[in-house]
Amino acid sequence: MDDPLYREEILDHYYSSPHRGHLESPDLVSDLDNPLCGDEIHLELSLGADGRIEQVRFDGHGCVISQAATSLLADRVEGATLDEVRHITPVDVVKLLGVTLSPTRMKCGLLGWKALQNAVAEPGPARE
Amino acid sequence: MDLTEMKADPVHQAERRSGSPSRESIDDLPQAGAAGGKRQAAAHQASGLNVEEIRAAFPALRQEVSPGVPLIYIDSAATSLKPQQVVQAVLDYMTIYPANVHRGLHTLSERATEAFEGVRDKVARLLGVEDSGQIIFTRGTTEAINLVAQSWGRATLKSGDAIVLSELEHHSNLVPWQMLARERDVELKYVELTDDARLDLDALDAALTDRVRLVAVTGMSNVTGTIPPLERIVEMVHARGARVLVDAAQSLPHQRLNFGRLGVDFLAFSGHKLFGPTGIGVLYGKRELLEAMPPVSFGGSMVVRVDRQRAEWNEVPWKFEAGTPPIAEAIGLGAAIDFLSQFSAQDLADHERGLLTHAHDVLGQIASLRILGPADLEQKGAIVSFTMGGTHPHDLAQLLDRHGIAIRAGHHCAMPLHVRLGIPASARASFSMYNTIAEIDRLGVALESIRLLFRRHSHGQVAPRPATHAATEFPNG
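Going down the list, the protein sequences come from chains A and B. First residue of the first sequence: 926, per our numbering; consecutive thereafter. First residue of the second sequence: 179, per our numbering; consecutive thereafter.
What the hints contain is simulated information worked out from the structure, not anything from laboratory work. Heads up, some of the hints might be wrong.
On the chain A side, residues computed to face chain B include the following (Cβ under 8 angstroms) [stated by the list, open to error]:
id	residue
1	D928
2	Y931
3	E933
4	Y940
5	V954
6	G963
7	G987
8	C988
9	M1031
10	C1033
Each pair of labels, with its calculated beta carbon distance range [said to hold, decoys possible]:
id	chain 1	residue 1	chain 2	residue 2	range
11	B	T387	A	V1024	33 to 43 angstroms
12	A	V1024	B	D378	37 to 47 angstroms
13	B	D378	A	S971	49 to 59 angstroms
14	A	R977	B	D579	11 to 21 angstroms
15	B	H349	A	G976	43 to 53 angstroms
16	A	S971	B	R634	33 to 43 angstroms
17	B	D378	A	D1008	52 to 62 angstroms
18	B	A256	A	D1000	54 to 64 angstroms
19	B	E370	A	E1003	42 to 52 angstroms
Ideal Cβ placement from N, Cα and C applies to all residues, glycine included.
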């Protein structure tokens, strides 16, 4: 079955993401879950001397969309500055996935994005 | 006056006739796949329903989800489809006599009042209780249970008392009691389940201490389909002087019991799972309990006399129905009960038993698929919840939708049950009178194609699973 949402690239990110795993000494970490789905994301980031994101690793489980979107996002932000990451919008995430998402699935698609935003949030009142 | 006498619409009358039961069998239905062929044949012989005629009564079944992909609706535990007869009854009310009830003295209002109040009689007959004054209209099961918690519960329970629930319960039969328990310092106890998600009567017996005032239990689990032995439960609970509330939201569309004879103290159900509209449900309570219960919602209709400082309550059941009630929805529920009552309960039960048996046969052949709940099909209703390997149920639901198949995925508003089952979520197929053996075969084919899709792409990798996955995986039935 040809399905843009479950195409090979997405399933590769789901099953064998190069970003799945842990860092030895992460600079930023973030945990987020969606109890409604049972999806969980644990995100770790390391920063280079220039303040740019060097490596992103994540662990967790959930549907294809939540896990693949996190992996795609990890690809996208390695090398980016924290400020660049803060400017990534949900629309950008949908573009990365390359498909339109129903409102229900949007929550899955944005789980990793929210975890990432939490990780790079400026000190102050924690975002959701 | 019977509601159906009020219908002037010939289309509606025709639908009624077309929905009448017939001894033609479902053998004429197209068959797909050879799986479970023997059981299939047995299921057909066992059912006296004409499923094609039933399907014709449900307009939603005439559509394709996308071009060339007909709808396979196996999500009736979430909400049932609505027969034309129900649509027409609501339309008739809104078109011909859209008046308010109880106070008008004009022809339309009297007609509306008669239709609305007539539904109480239909509900009473459906439940097997004589006094239709014990039927209170609510927005649904949830509001009905909240009414008992906030009225009977607050008036009755004291610090140190206990309420017993089962691990099978839907959030609607959990959270109202949690709130009450916190407010009144009441203990919430849970009856343990057996490993195949049946209610353990020994555990219930052990939980029934002198402090227990209420046991609130589902008539049928919306996840595992488990049907607890209500007769035995009522007997045990009453022997200890406690009350029984039955959440019949899932069970009533599938299992008709004489609740009057059974002696349950409270019963709640929703119209929309019973082929009726949303926004209407019922609380049944024994009259002596209802008489003693204070109202919890205040305003018009629920009073007989009001002065500047005080008010005097109306009698039961209107005491609990403040404001203009959901008239169209209640009339729709009445039409749904008329629709359901055309069929023999035995024929419906036989048909659904055939579907359930076939679903267990077909799904049981799919590698890595685990069916949740009782292995003994006599102890479950027409619901099959499952997991398939490490594939998230949401992915299953989304991919099945591409095949036109509507199922539910998630925790189905029963999170404690999923914790007990050791899984975050499940996929659920739930069947009704309009489903066919052929549809279940198509579900099996679609699930197998999804399994292969994931296997092809997994390159030997295992899907990421919950770290805390202490799965209590149940044997397939």
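Each hint tested on the structure:
1. D928: holds (6 angstroms)
2. Y931: Nearest chain B Cβ about 7 angstroms off; hint holds.
3. E933: holds (6 angstroms)
4. Y940: holds (4 angstroms)
5. V954: Check failed: Cβ of V954 (chain A) comes no nearer than 16 angstroms to chain B, outside 8 angstroms.
6. G963: For G963 (chain A), the interface hint holds, since the closest Cβ of chain B sits about 2 angstroms away, which is under 8 angstroms.
7. G987: holds (6 angstroms)
8. C988: holds (4 angstroms)
9. M1031: violated (12 angstroms)
10. C1033: holds (7 angstroms)
11. B:T387 / A:V1024: 33 to 43 angstroms: This hint is violated: roughly 55 angstroms between Cβ atoms.
12. A:V1024 / B:D378: 37 to 47 angstroms: holds (46 angstroms)
13. B:D378 / A:S971: 49 to 59 angstroms: Hint holds: Cβ distance 51 angstroms, inside 49 to 59 angstroms.
14. A:R977 / B:D579: 11 to 21 angstroms: violated (41 angstroms)
15. B:H349 / A:G976: 43 to 53 angstroms: holds (46 angstroms)
16. A:S971 / B:R634: 33 to 43 angstroms: holds (34 angstroms)
17. B:D378 / A:D1008: 52 to 62 angstroms: holds (58 angstroms)
18. B:A256 / A:D1000: 54 to 64 angstroms: violated (37 angstroms)
19. B:E370 / A:E1003: 42 to 52 angstroms: holds (49 angstroms)
Hint check: violations occur at hints 5, 9, 11, 14 and 18; the rest are consistent with the structure.
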